[in-house]
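Peer 1: What follows is each chain in one-letter form.
Protein chains: 2
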Amino acid sequence: MELKIGLIGCGTVGTGLLEILDKKREYLRDTFDFEARLVAVTDKLKGSVCIPEGIDIKKLLDLLHQGERIDAYHGEVGSHEAIDALDLIEKCEADVIAELTYTDIKTAEPATSYIKKAFRSGKHVVSSNKGPAALHYHELKKMADNNNLFFRIEGTVMSGTPVFSLFENGLVGNEVRAVQGILNGTTNFILTRMEQDSMDYADALKLAQELGYAEADPTADVEGYDAVAKIVILSNVLLDGNISPADVRREGITALSKDQVLAARAEGFRYKLIAQARKAGRRVEASVSPRKLPLSDPLAGIMGAHNALTFDLDLMGKITIQGAGAGKIETGYSILSDILAIHSRLRR
Amino acid sequence: MELKIGLIGCGTVGTGLLEILDKKREYLRDTFDFEARLVAVTDKLKGSVCIPEGIDIKKLLDLLHQGERIDAYHGEVGSHEAIDALDLIEKCEADVIAELTYTDIKTAEPATSYIKKAFRSGKHVVSSNKGPAALHYHELKKMADNNNLFFRIEGTVMSGTPVFSLFENGLVGNEVRAVQGILNGTTNFILTRMEQDSMDYADALKLAQELGYAEADPTADVEGYDAVAKIVILSNVLLDGNISPADVRREGITALSKDQVLAARAEGFRYKLIAQARKAGRRVEASVSPRKLPLSDPLAGIMGAHNALTFDLDLMGKITIQGAGAGKIETGYSILSDILAIHSRLRR
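Top to bottom, those sequences are chains D and V. Taking the numbering used here, I'd label the letters of the first sequence as residues 439 to 786. Taking the numbering used here, I'd label the letters of the second sequence as residues 439 to 786.
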């Protein structure tokens, strides 16, 4: 069965998805009877292309890898009118819109408008964007449900390491009492270097920036805002919560000194930036803060840029999953896994 | 939607399943539109009951908890003719047979005959029995496929901690290059006690037996046979292998001394009984043996009776899941999760 896909945003995640679709085309067709027809791609910085009969993914990837604009697909750069993303979402013939634009955690725009437009024009949405999922999950999910559409967001937390899919399939029937995780790879990398190489915070941050783990302005990571967005999403999706980022007690790692980290280690503990949420009666209480974990805690062993999440469940007790928390192919994969989940549900 | 369930074998796992079905009846109905109608239960030691209109689960659990026979459900112990399990499987009106009899890893009987009988009479099978899955997976799966039936075996590896469901949903589209895991809780408990309490192997084994983690004859666990069965199942289900237990290089933990365990620890390593399988061309190579892992390995941190499995994947790299590897409710849950997976596929 063929699914027609439209990409809104074509940076790292979109490129990763296209690389996987290109590499795995035959395997996906033979194993799952899945064919992706790419009908539209738009990116604020790179332009757009929209072809109902299907875009040649290899040809588009060649352009992207050469740093060319998406417009250049037709061979005549600049000759095409700029296409408005909202118009494209409405008019393209996609079954599924992959919303992969940049996260704005304060406004969740323009992503939220894109997602609503997709639902209004009868299209499923998969998204790795933390803004809409953290600020408007219930509203968007309801809109999808009311229109008999899917809204899937695996990539918003731990990239392609399955969290939502793991729960809705492998842990179905359990009640989630709490979740606790290391959800930000940048801060975990910094804390790992501070402990293992006795680095000061500032030096470890600089190294993270040099290696591409941290951005020039590292605030979203080191002050905990990124982890806050993720714990809000987990709270609202897995714990039936209805909280927003302002409800989360937040403390970053910037006040943590090398001496504290090394002293903890000498006592058999390890500092981690822990995001957690738990049910407290009908409410959900969530926080992000550095915590001293005993080394026996499953989260204490998560080093470098890896992520992990522990579910505390009424039937299964504690289940922990760990894996990549970022990466081009890994986050691209999260989008594919959501598309395949839709494909599998539509096929039956 | 209602599913009619027949239980073949009603020991710990069956009782765990019944306890969950009793406790979660309303939740499962309201959340998943799932109703379980228990139509038959048979156990070699406890007798049988078969009621097409449905067995009262609470009433049956009361009998089981009081140590009564299943026959006593009708109030007249011994007044009913013994029912042959094969007959019951054929004649009862179950949609799904839960095959929960004792594992015989040498013959896989009588479980394999039960499963074949179920398929021949048009019934889906869920099973936590390692015998049929380790010795006859491909044959049974083909038989199920040819009859448009499901054969699900989540509980055979790591009890209810999702392994097969995790892969078929959350990691769909990845190729598994290798798996590596701690799949036997008894030996992991023994190794943990040897290291943490400086116990000799014999003393740690005795403690495991006192606490109910090890059987009076511990051979299947400590000599690695249980882990061999599990790595064979993983090889054949996840790595497209076609191997049998005799193909697995096997070494147990009985030759491991306290001194070796403590010396490894002093060097920053930890002994674990590791089951692993990897693709080597078109073949799968599998082994079970004690290995010295660096403490940074995700499996090195798995202590006590817990289990864990690392998937090595072409797209997602390494993903590790850890959780319970045994337990009444946990293994009972594995059966429920397979039944819910069938329910969800039949509903659509």
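Hints listed in this document are in silico derivations from the structure and should not be mistaken for laboratory results. Just to be clear, a hint being listed does not mean it is correct.
Copies of the same chain look alike in the list, so a pair counts if it fits in one copy or across any two.
To be verified - Computed cross-link-like contacts, DSBU-like style, restricted to lysine-lysine with a CA-CA straight-line distance of at most 30 Å: (1) K730 <-> K496; (2) K442 <-> K717; (3) K717 <-> K766; (4) K756 <-> K730; (5) K482 <-> K756; (6) K696 <-> K717; (7) K461 <-> K717; (8) K717 <-> K496; (9) K756 <-> K544.
Peer 1: None of the hints should be skipped; say for each whether it holds.
Peer 2: Hint-by-hint comparison with the structure:
no. : hint          : verdict
1   : K730 <-> K496 : neither (48 Å within a copy, 45 Å between copies)
2   : K442 <-> K717 : neither (40 Å within a copy, 34 Å between copies)
3   : K717 <-> K766 : between (34 Å within a copy, 25 Å between copies)
4   : K756 <-> K730 : both (19 Å within a copy, 26 Å between copies)
5   : K482 <-> K756 : neither (43 Å within a copy, 34 Å between copies)
6   : K696 <-> K717 : neither (34 Å within a copy, 43 Å between copies)
7   : K461 <-> K717 : between (43 Å within a copy, 20 Å between copies)
8   : K717 <-> K496 : between (47 Å within a copy, 29 Å between copies)
9   : K756 <-> K544 : neither (33 Å within a copy, 33 Å between copies)
Violation of the numbered hints given earlier is confined to hints 1, 2, 5, 6, 9; the remaining hints are satisfied by the structure.
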